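Please build the complete structure, drawing on both the sequences and the hints.
Residues 1 to 300 in my numbering are what the sequence shown lists, from first letter to last.
Please note that the accuracy of each hint is not assured.
To be verified - Under the rule of at most 27 angstroms between Cα atoms (straight-line distance), these lysine-lysine pairs were calculated in the DSSO-like manner:
| # | residue 1 | residue 2 |
| --- | --- | --- |
| 1 | Lys84 | Lys32 |
| 2 | Lys70 | Lys84 |
| 3 | Lys161 | Lys84 |
| 4 | Lys90 | Lys199 |
| 5 | Lys90 | Lys70 |
| 6 | Lys70 | Lys172 |
| 7 | Lys161 | Lys199 |
| 8 | Lys199 | Lys84 |
| 9 | Lys172 | Lys255 |
| 10 | Lys161 | Lys70 |
| 11 | Lys32 | Lys90 |
Claimed, not checked - What follows is a list of derived Cβ distance ranges for each label pair:
| # | residue 1 | residue 2 | range |
| --- | --- | --- | --- |
| 12 | Ser177 | Thr237 | 30 to 36 angstroms |
| 13 | Ser203 | Asp251 | 39 to 45 angstroms |
| 14 | Asp251 | Ile128 | 34 to 40 angstroms |
| 15 | Pro247 | Thr185 | 53 to 59 angstroms |
| 16 | Ser78 | Ser203 | 43 to 49 angstroms |
| 17 | Ile187 | Ser276 | 21 to 27 angstroms |
Hints in this document: simulated from the structure, not taken from any laboratory. Quick caveat: nothing in here was measured; it's all calculated off a predicted structure. No residue lacks a Cβ here, since even glycine has one placed at the ideal position from N, Cα and C.
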Amino acid sequence: MKKALFIYFMLLGVTLLSCKKDNHTKTNPTGKFYPVSFSLSGFTSTIDPINQNSKIKVNTVDPSASTVVKLIYKLFDSNNSVKKTLIINKGAPNFGTITDSLAAGTYTAAFVGLTDTIPADFGDTGLIFNYRTYAYFPETFYSNVHFTVGNTPVQQNSVLKRLNSEVQVIIKDAIPSGVSRINITIIGAYQACTYLDGKSTGSNTGGESSTPITNANVGTTNFPLSPVTRLFNNTSTVNILIDAISPNGTDVAFKTINNVTLQPNVRTILTGNVFSNDGSTGGFAVTFDPNYSGNLSQSF
1 MKKALFIYFM LLGVTLLSCK KDNHTKTNPT GKFYPVSFSL SGFTSTIDPI
51 NQNSKIKVNT VDPSASTVVK LIYKLFDSNN SVKKTLIINK GAPNFGTITD
101 SLAAGTYTAA FVGLTDTIPA DFGDTGLIFN YRTYAYFPET FYSNVHFTVG
151 NTPVQQNSVL KRLNSEVQVI IKDAIPSGVS RINITIIGAY QACTYLDGKS
201 TGSNTGGESS TPITNANVGT TNFPLSPVTR LFNNTSTVNI LIDAISPNGT
251 DVAFKTINNV TLQPNVRTIL TGNVFSNDGS TGGFAVTFDP NYSGNLSQSF
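The structure is reproduced here in structure tokens:
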């Protein structure tokens, strides 16, 4: 299931209210401007059939519109140069409605929806949305629309989609005694995306989770570890490290799964043995659960 924010584009001629506005350029040879409005209506839900087989399955889950507290609007001209930036806070009058006045021409409008306020280390170079020193990528939604302003009304719909991914590991074989916790580390996630196309960029970061193991868990099979959340990488693969740790801090078992693909709004589920060898060449089985908005499963 894919839940998303719908943005409607129409020529309304309403004045922009309560936004932070940055006009990068106001050049207009003809001197004529046309009113443009982008209206955010809220979350709607669509269900897409997903093909399933023994190797792949997908599930999906999105938050409600109420979790989006800040919208960023970037306008690019036909040369992909930034023309203006708007940052709109929830609670402002007419939150979700962006109005503008544009000269005739071809543009790209990019939208970012945040589920938290912009952090102190947020960076905006004009082309890149960057969380900088964060060791993760907070819940972030994105969409872009290409449109032309002219003498006829313009009305388009766009869907604001989650960029984040999740990873979960399910251990098939029995957990032995002498394990105090099992860690998952993701290598190769990102902290930044490009406004123009929503692609991951910048410095590599990662993500991790740690699951405590109690005496009650010893001997358990098909044991789900805590998922790694707030991941972002839609341009390359990541490596996943699984490390079972003893009470004195030494390794009981260690496994690496290389070249795993993350999908936006999808939880990737890796299932396989950590403490024994099942003889499979690929190691872990991968499935996708689009119930994060999705789960992707893979064996290991």
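Structure-based check of all given hints:
| no. | hint | result |
| --- | --- | --- |
| 1 | Lys84 with Lys32 | holds (18 angstroms) |
| 2 | Lys70 with Lys84 | holds (17 angstroms) |
| 3 | Lys161 with Lys84 | holds (22 angstroms) |
| 4 | Lys90 with Lys199 | holds (25 angstroms) |
| 5 | Lys90 with Lys70 | holds (6 angstroms) |
| 6 | Lys70 with Lys172 | violated (42 angstroms) |
| 7 | Lys161 with Lys199 | holds (13 angstroms) |
| 8 | Lys199 with Lys84 | holds (20 angstroms) |
| 9 | Lys172 with Lys255 | holds (13 angstroms) |
| 10 | Lys161 with Lys70 | holds (15 angstroms) |
| 11 | Lys32 with Lys90 | violated (32 angstroms) |
| 12 | Ser177 with Thr237: 30 to 36 angstroms | holds (35 angstroms) |
| 13 | Ser203 with Asp251: 39 to 45 angstroms | violated (28 angstroms) |
| 14 | Asp251 with Ile128: 34 to 40 angstroms | holds (38 angstroms) |
| 15 | Pro247 with Thr185: 53 to 59 angstroms | violated (20 angstroms) |
| 16 | Ser78 with Ser203: 43 to 49 angstroms | violated (30 angstroms) |
| 17 | Ile187 with Ser276: 21 to 27 angstroms | holds (25 angstroms) |
Violated hints for the displayed structure, listed by number in ascending order: 6, 11, 13, 15 and 16.
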